[in-house]
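One line per chain: the protein sequences are H and X, in this order.
For the first sequence, my numbering gives the first residue as 1104, with consecutive numbering after it.
For the second sequence, my numbering gives the first residue as 545, with consecutive numbering after it.
Simulated from the structure, these hints should not be mistaken for laboratory data.
These figures come from a predicted structure and were not determined experimentally.
Mixed in with the good hints, there may be bad ones.
Heads up, incomplete: computed chain H residues facing chain X, CB under 8 Å, no partners named [as the list claims (entries may be wrong)]:
(1) E1243
(2) H1260
(3) P1306
(4) Q1355
Listing some non-contacts, in silico: residues in chain X with all C-beta distances to chain H over 10 Å [stated by the list, open to error]:
(5) E549
(6) R559
(7) K570
(8) C605
(9) S606
(10) E612
(11) T659
(12) L676
(13) L691
Ranges between beta-carbon positions, derived for each pair [unchecked claim]:
(14) T1350(H) - P551(X): 23 to 33 Å
(15) I565(X) - T1187(H): 21 to 31 Å
(16) C605(X) - R1430(H): 33 to 43 Å
(17) S1373(H) - W678(X): 45 to 55 Å
(18) D1146(H) - E666(X): 36 to 46 Å
(19) E666(X) - M1426(H): 30 to 40 Å
No residue lacks a Cβ here, since even glycine has one placed at the ideal position from N, Cα and C.
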Amino acid sequence: MARNPIADEVAIVGVGSTGFSRDSGGRSAKALACEASIRAIRDAGLGPGDIDGLVGAAEPGGPQPQEMSAALGLPQVSHFSSPTPVAVFALVDAMNAIYAGSCDTVLLYFAYTRLPWNSRSAAQDPFRRRHTLGVMPAPESVNAAAAYAAWASRYIHEYDVPREAFGRVALNARAGAKHNPLAAMKAPLNMEGYLGARMIREPLCLLDMDVPVDGADAFVLTRTERARAITKSPIVIHAATVGLVGTNDEDQLPSLARHGQHVVVESLRSKSDLWLEDVDIFFPYDGFSIITLGWFENFGWCGPGGAGRFLEEHWDEASGRVMIDGRIPVNPHGGSLSEGATRGSGHIREAVMQLRGDADARQVPGARNALVGCGGFFFNSQGAILRRL
Amino acid sequence: MALSEIPSDAELVERFPYANIDHDSKALYTGWLEKRLRMNRCDDCQRFHHPPKPVCPSCWCSSLVPSEVSGRGTIHLAMFLHQGPPAPGVDYEKAPHPVVTVELEEQEGLRFTSTVVGCAPEEIRIGALVELDWVDRFGAPFPVFRLVGSR
Ligand SMILES: [Zn+2]
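My request is simple: use the sequences and hints to build the entire structure.
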């Protein structure tokens, strides 16, 4: 066992979301962040004077912590930061700050806004047009998003994987979104629809990529001891980690057999009393479908190259989605592919809602433990295990 | 290249409008102007690395020599862009634009990413042997690959 003194010591006591859409109707990212934050603080039964820590993911176009403090009129905070996306970087920072005593109660927020380079309609918005990327890159790059299409080509080459393997990730997400009022993409999708979708970066098509949205999620975290005064069964962070290997430049990554996800899995496993056999819901990140297949294999649900077959074997025809061993749903909220590109905050929010028993039509009866694999292969791999005490 | 021909930093930035050039990568782009692909090689342990870093990641030696590589290698990753950033000679409507990462023969795991010219898309496969060639982009040389034997 690795040292994990923080296990179960920090709890998530408030959740708020605006829901997600392809167009927020002229609202700023800050407005969305404020709405989600106020909901989360009220959900916790707290007020502005109770918040002494502020952590906001540094999403492009999103508000800085000091702007949020000013907008929400927080009297004083003793810890604030803006960790780089995706979501577990910010979760870990909030968790550590509380446990270390830098602050007692953190407002953790994530605000997403479509930008001119990932949304045609956003490019028409004069207010958004000023967000520019600097140098217009050459097409011959496998940096950032393109890396997943490039490595998907390798994955297909090494394991002879059919497109349907990727398609099942997209179908599962869409089936979940149907029952999630917060989700952006609810139109029914079948395999024929997936296979016919427009190629973007072949071998990946439009439906292999998360959907840019406007919207925000927020959470309130505090010491578990304090959370017990608020609720009988707090949702706690049992273990959380990030993972990085030395050679992580996208095109120099040694192989699909050794990258950030492997470090996350080893770290999480060594910190946790719970593992796959204890999991009630699985949240593999799906910014790109290839990432999801990676999480299935690297967590050990199946072997390398086997995720497509695994999804097929554990497919529930009646609901059109994955049910591992007929019991464990996967991204039941619709994930980034269909709820919207929340870069992991949606996965964490749904985990908390499920563990609280507040997931309505999506509720997994008696869910106690959730496993989150967040981020991709290169420099944002992360994981968390959340549980209901 | 004669000393007088070494471009100033300002000129280098001007010649490669699509590149994020810094002090660690300027030797790479200076090489392109001579149609040479030079990658950082450690003067101590002799290992190459890419993209250019300020120290050798294998031994922390900071004596790095931009050293020409052959540009021969094997396609390791291959994707086809159906849309993407605009570039001269790239017409996504006409045909998907290939982007490949090539594992160079000099060292296992040493890779360089560019496009492949002079062949049909279906010939661009992982495992195919390629060699280096140069095309013009915005009036400066740009390194690309060709399938071996396709010239
Ligand atoms: Zn060295």
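Now for the hints, and whether the structure bears them out:
1. Because the smallest distance between the Cβ of E1243(H) and any Cβ of chain X comes to about 5 Å, under 8 Å, the interface hint for this residue holds.
2. A cut of 8 Å between beta carbons decides the hint on H1260(H): the least distance to chain X is about 4 Å, and the hint holds.
3. Given the 8 Å rule on beta carbons, the hint for P1306(H) holds: about 7 Å separates it from the nearest Cβ of chain X.
4. Using the Cβ-Cβ criterion of 8 Å, the hint placing Q1355(H) at the interface with chain X is satisfied: the shortest such distance is roughly 6 Å.
5. For E549(X), the requirement that its beta carbon stay farther than 10 Å from each beta carbon of chain H is met, with the minimum near 24 Å.
6. No beta-carbon of chain H is positioned within 10 Å of the beta-carbon of R559(X); the least distance is around 13 Å.
7. No Cβ of chain H comes within 10 Å of the Cβ of K570(X); the nearest lies about 15 Å off, and the non-interface call holds.
8. Taking the minimum C-beta to C-beta distance to chain H, about 16 Å, the non-interface status of C605(X) holds against the 10 Å cut.
9. For S606(X), the non-interface assignment is confirmed: its Cβ lies about 17 Å from the closest Cβ of chain H, beyond the 10 Å cut-off.
10. The non-interface label for E612(X) is consistent with chain H: the shortest C-beta to C-beta separation is roughly 19 Å, beyond 10 Å.
11. With a least CB separation of 5 Å from chain H, T659(X) falls inside the 10 Å interface cut-off, contrary to its annotation.
12. Here L676(X) stays apart from chain H, with its beta-carbon at least about 13 Å from theirs, past the 10 Å limit.
13. Look at L691(X): its CB is around 16 Å from the nearest CB on chain H, clear of 10 Å, so calling it non-interface holds up.
14. Distance hint for T1350(H) and P551(X): a CB-CB separation of about 30 Å, consistent with the stated range 23 to 33 Å.
15. Between I565(X) and T1187(H) the beta carbons are some 23 Å apart, a value that agrees with the proposed interval 21 to 31 Å.
16. The hinted range of 33 to 43 Å is not satisfied by C605(X) and R1430(H), whose Cβ atoms lie roughly 54 Å apart.
17. In this structure the hint that S1373(H) and W678(X) lie 45 to 55 Å apart at CB holds, the actual value being about 50 Å.
18. D1146(H) and E666(X) have their C-beta atoms about 55 Å apart, which leaves the hinted 36 to 46 Å range violated.
19. Distance hint check: the CB atoms of E666(X) and M1426(H) are about 39 Å apart, consistent with the given range 30 to 40 Å.
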